[in-house]
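Produce the entire structure from the sequences given, and follow the hints as far as they go.
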Amino acid sequence: MRKRVIFNDKALPYLLLLPQVAITLIFFFWPAAQAVYFSTQIQDAFGLRSQFVWFENFGAILSDPNYLSSIRVTVVFSVSVTVLAIAPALLLSVMADKQIRGATTYKTLLIWPYAVAPAIAAVLWLFIFHPSVGLLGRFLVAIGVPWDYALNDAQALLLVVLASAWKQISYNFLFFLAGLQSIPRSVLEAAAIDGASQTRRFWTIVFPLLSPTTFFLLVVNLVYAFFDTFGTIHALTRGGPGTSTTTLIYRVYVDGRDNLNLGTSSAQSVVLMLFVIALTMIQFRYIERRVHY
Amino acid sequence: MAEVRLGGVTKQFGAVRVIHGVDCTIADGEFVVILGPSGCGKSTLLRIIAGLEQQTSGQVFIGPRDVTLVEPKDRNIAMVFQNYALYPHLSVFENMAYGLKVRGTPRAEVDTRVRRAARTLELEALLDRRPRQLSGGQRQRVAMGRAIVRDPQVFLFDEPLSNLDAKLRVQMRVEIKRLHQSLRTTSVYVTHDQVEAMTLADRLIVMNAGRVEQIGTPLEVYTTPASTFVGGFIGSPPMNMLSGRLSASGDSVELGDTAVALAGAFPTHAGRPIVLGIRPEHMSIGGRSRLSASVELVEALGADTLVHATTGSAKDIVTLRLPGDARVDRGQRLAIDVAPANLHVFDRDSGQRLGR
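Protein sequences, first through last, are from chains L and R.
Position 83 (the first sequence) corresponds to 83 in the numbering used here; numbering is contiguous.
Position 248 (the second sequence) corresponds to 248 in the numbering used here; numbering is contiguous.
In short, the hints are calculated from the structure, not lab data.
For every residue, glycine included, the Cβ atom is placed at its ideal position computed from N, Cα and C.
Worth double-checking, as some hints may not be accurate.
Unchecked claim - Derived Cβ-Cβ restraints for the label pairs, each shown as a range:
#1 ILE71/L to SER135/R: 49 to 59 Å
#2 VAL174/R to GLN20/L: 54 to 64 Å
#3 ASP165/R to ILE71/L: 56 to 66 Å
#4 ASP258/L to GLN133/R: 50 to 60 Å
#5 TYR106/L to LEU297/R: 57 to 67 Å
#6 GLN133/R to PHE29/L: 37 to 47 Å
#7 GLN133/R to PHE207/L: 14 to 24 Å
#8 GLU281/R to TYR106/L: 56 to 66 Å
#9 PHE207/L to GLY7/R: 33 to 43 Å
#10 VAL94/L to SER135/R: 27 to 37 Å
#11 ALA32/L to ASP128/R: 44 to 54 Å
#12 SER135/R to LEU62/L: 53 to 63 Å
#13 GLN198/L to GLN133/R: 28 to 38 Å
#14 ASP128/R to ILE183/L: 16 to 26 Å
As the list claims (entries may be wrong) - What the simulated footprint calls covered on chain R by chain L, stretch by stretch (three residues with Cβ under 8 Å from a Cβ of chain L suffice, anywhere in the stretch; the number is not a length):
#15 84 to 91
#16 98 to 107
Stated by the list, open to error - Not the full set, but computed from the structure, chain R residues with beta-carbon under 10 Å of chain L:
#17 ARG47
#18 ALA50
#19 GLY51
#20 GLU71
#21 PRO72
#22 ASP74
#23 ARG75
#24 ILE77
#25 MET79
#26 ALA147
#27 ARG150
#28 LEU156
#29 ASP158
Laid out in structure tokens, this is it:
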């Protein structure tokens, strides 16, 4: 049990809470409230006049074929990013967890990509896949593959998925490694004595024991793919060609910044906000129920 | 069931040698306890038998089979770990059934065998629970259940009772003994607790610093310790060790200015420095005494009274175990008597026992 702190003065505890509450209110609740407010308005392009229109903006985005196509892109994009960021990370962490020579160096190197800024990461991928200056891109063109992500929808999507997933692998790797290291060695030894092969041990013991970590990463990666991939997409394809890599978050930017359509842009961010709230709630409920073995 | 034989087993971790050549044979159906202080290599030795650790040199046989390079899963052994090592995400039933399922045992047979083991260990009511819903003693029983359902040739126990409280430990000790008496499976049990070792073992292997100090029945080890280490490690309070020198004739020990007669003579070691070992319970006061000591501390335990005293001649501290009704006071001078048959003589340089 933690020691109970008794305050003689009623004001002091509130005063101590104030900085945290102030930051939350100013930087989180206020913008969120603004977004909700703007989602019910129609503004002119200069923001001089606005009119209250109830939920018209929401109706507008949901009947907009561009928005619906963004939903489709986002689903494909975020599921691919999540799978491609989690599976290799799991494989790498299982490898790194073994006692091998130079394990520390190996682990350190695997964490590096996380420190690379999204735009820089995008440039790195450009240098690999650009059809005329990229190493692999030139090779693909040379062997006759019609490779050009600026023209081909699927190739563009593949490239942003690869770049986004690559950046997240380090993060997932760290969590998986920590999860693996918290599995008692003797449990695995007991399974080995019980007669389970290495593969069987992984699927019947290790993977189930990692499931809380995996679920946590699933949620975190989905949120990442939804919200934190803007920089990568912006630097690589700017949502194109056409709208083939325009995810929901990228559309918020396009509609708000480029098209100066604040109302529908805000309505879109409110939809995203609701999605994140839902995800977070699912996660908390799940963690409360299942994580502690 | 099978015998277990170790031939010249050594183990090195990097440059550190933790096991220096162990040879021993554990007979079929025998319960052998490996006893030693922390870091003596006893757990490593057990893990080498299990195949979880690769020996640096030497051979391991289980029955007629050389298993030196065989994977743990193919050695037909079961192991009970100190921290139980239950599968936390599986129920008690699944924990016990895991080893059978992995080996492709038919479902009906898995069910029969798990239920039979559960009945033996009184776990029937707990089969659907998860390990975290069990008490320490119950977890320990599940760990044993997991070992017995597979009906292996050898049981290995790695300090299985050290995480339990004192009362449960006594209870589980009795259960393990009873289990062994009914199953008669060859068992190797590692512990640092001498009471566990003395009560469970058919034979003891006493280890120190990676070497086997002595192999023998608990009583042999107690009555004729092979070295000063064994004498000091087994018995509580430990054996008193007094530095002295054998007389010129080799039939008595000179402790400072007093001489203590021995039951036999050691002419080959005449005049050599030795250590004289005396169990606390073999010292009595009065009689035709040779040793004098002054009382420093008295611990009245009810059944016994432990007296710590300083010998007048050599300034060694000795402990006496006297009957509970003995009246002794601090500062009192005692005349201590020991029957020559109860004296243990060790070479001071090697620590090895002289004579039988």
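Outcome of the hint check:
1. Separated by about 52 Å at the C-beta atoms, ILE71/L and SER135/R satisfy the suggested range of 49 to 59 Å.
2. Between VAL174/R and GLN20/L, the C-beta spacing of about 57 Å keeps the proposed range 54 to 64 Å intact.
3. Between ASP165/R and ILE71/L the C-beta distance comes to about 60 Å, which sits within the given range of 56 to 66 Å.
4. Between ASP258/L and GLN133/R, the C-beta spacing of about 58 Å keeps the proposed range 50 to 60 Å intact.
5. Our hint of 57 to 67 Å for TYR106/L and LEU297/R holds, since their Cβ atoms are close to 58 Å apart.
6. GLN133/R and PHE29/L have their C-beta atoms about 42 Å apart, which keeps the hinted 37 to 47 Å range intact.
7. In this structure the hint that GLN133/R and PHE207/L lie 14 to 24 Å apart at CB holds, the actual value being about 22 Å.
8. Judged by the Cβ atoms, the range 56 to 66 Å given for GLU281/R and TYR106/L holds: they are separated by roughly 60 Å.
9. Taken as a hint, the range 33 to 43 Å holds for the pair PHE207/L and GLY7/R, whose Cβ atoms sit roughly 40 Å apart.
10. Range check, VAL94/L to SER135/R: Cβ separation about 34 Å, and the 27 to 37 Å hint holds.
11. A hinted range of 44 to 54 Å for the beta carbons of ALA32/L and ASP128/R is consistent with their spacing of about 46 Å.
12. At roughly 57 Å, the beta-carbon separation of SER135/R and LEU62/L lies within the given 53 to 63 Å, and the hint holds.
13. For GLN198/L paired with GLN133/R, a C-beta distance near 30 Å keeps the hint of 28 to 38 Å intact.
14. Take ASP128/R and ILE183/L: their Cβ atoms lie about 24 Å apart, and the range 16 to 26 Å holds.
15. Counting residues of the segment 84 to 91 of chain R whose CB lies closer than 8 Å to any CB of chain L gives 5, so the stated coverage by that chain holds, three being the minimum.
16. Remark: the segment 98 to 107 of chain R is confirmed as covered by chain L, as 4 of its residues place a Cβ nearer than 8 Å to a Cβ of that chain, reaching the required three.
17. Residue-level restraint check for ARG47/R holds (minimum Cβ-Cβ distance to chain L is 8 Å; threshold 10 Å).
18. The beta carbon of ALA50/R comes within 6 Å of a beta carbon in chain L, closer than 10 Å, and the hint placing it at the interface holds.
19. Taking 10 Å as the C-beta cut-off, the interface hint given for GLY51/R holds, the closest approach to chain L being about 8 Å.
20. Look at GLU71/R: its Cβ gets to within about 8 Å of chain L, closer than 10 Å, so that hint holds up.
21. Restraint check, PRO72/R versus chain L: the minimum CB separation of about 5 Å is within 10 Å; hint holds.
22. Taken as an interface hint, ASP74/R checks out: its beta carbon lies about 8 Å from the nearest beta carbon of chain L, inside 10 Å.
23. Look at ARG75/R: its Cβ gets to within about 8 Å of chain L, closer than 10 Å, so that hint holds up.
24. Interface restraint check: ILE77/R against chain L, minimum CB-CB distance 6 Å, threshold 10 Å, status holds.
25. Residue-level restraint check for MET79/R holds (minimum Cβ-Cβ distance to chain L is 5 Å; threshold 10 Å).
26. Hint status for ALA147/R: holds, given a least beta-carbon distance of 9 Å to chain L, under 10 Å.
27. Because the closest C-beta pair between ARG150/R and chain L is about 7 Å apart, less than 10 Å, the hint holds.
28. For LEU156/R, the suggested interface contact is upheld, since its CB lies about 8 Å from the closest CB of chain L, less than 10 Å.
29. Annotation: interface hint on ASP158/R holds; nearest CB of chain L at approximately 9 Å, less than 10 Å.
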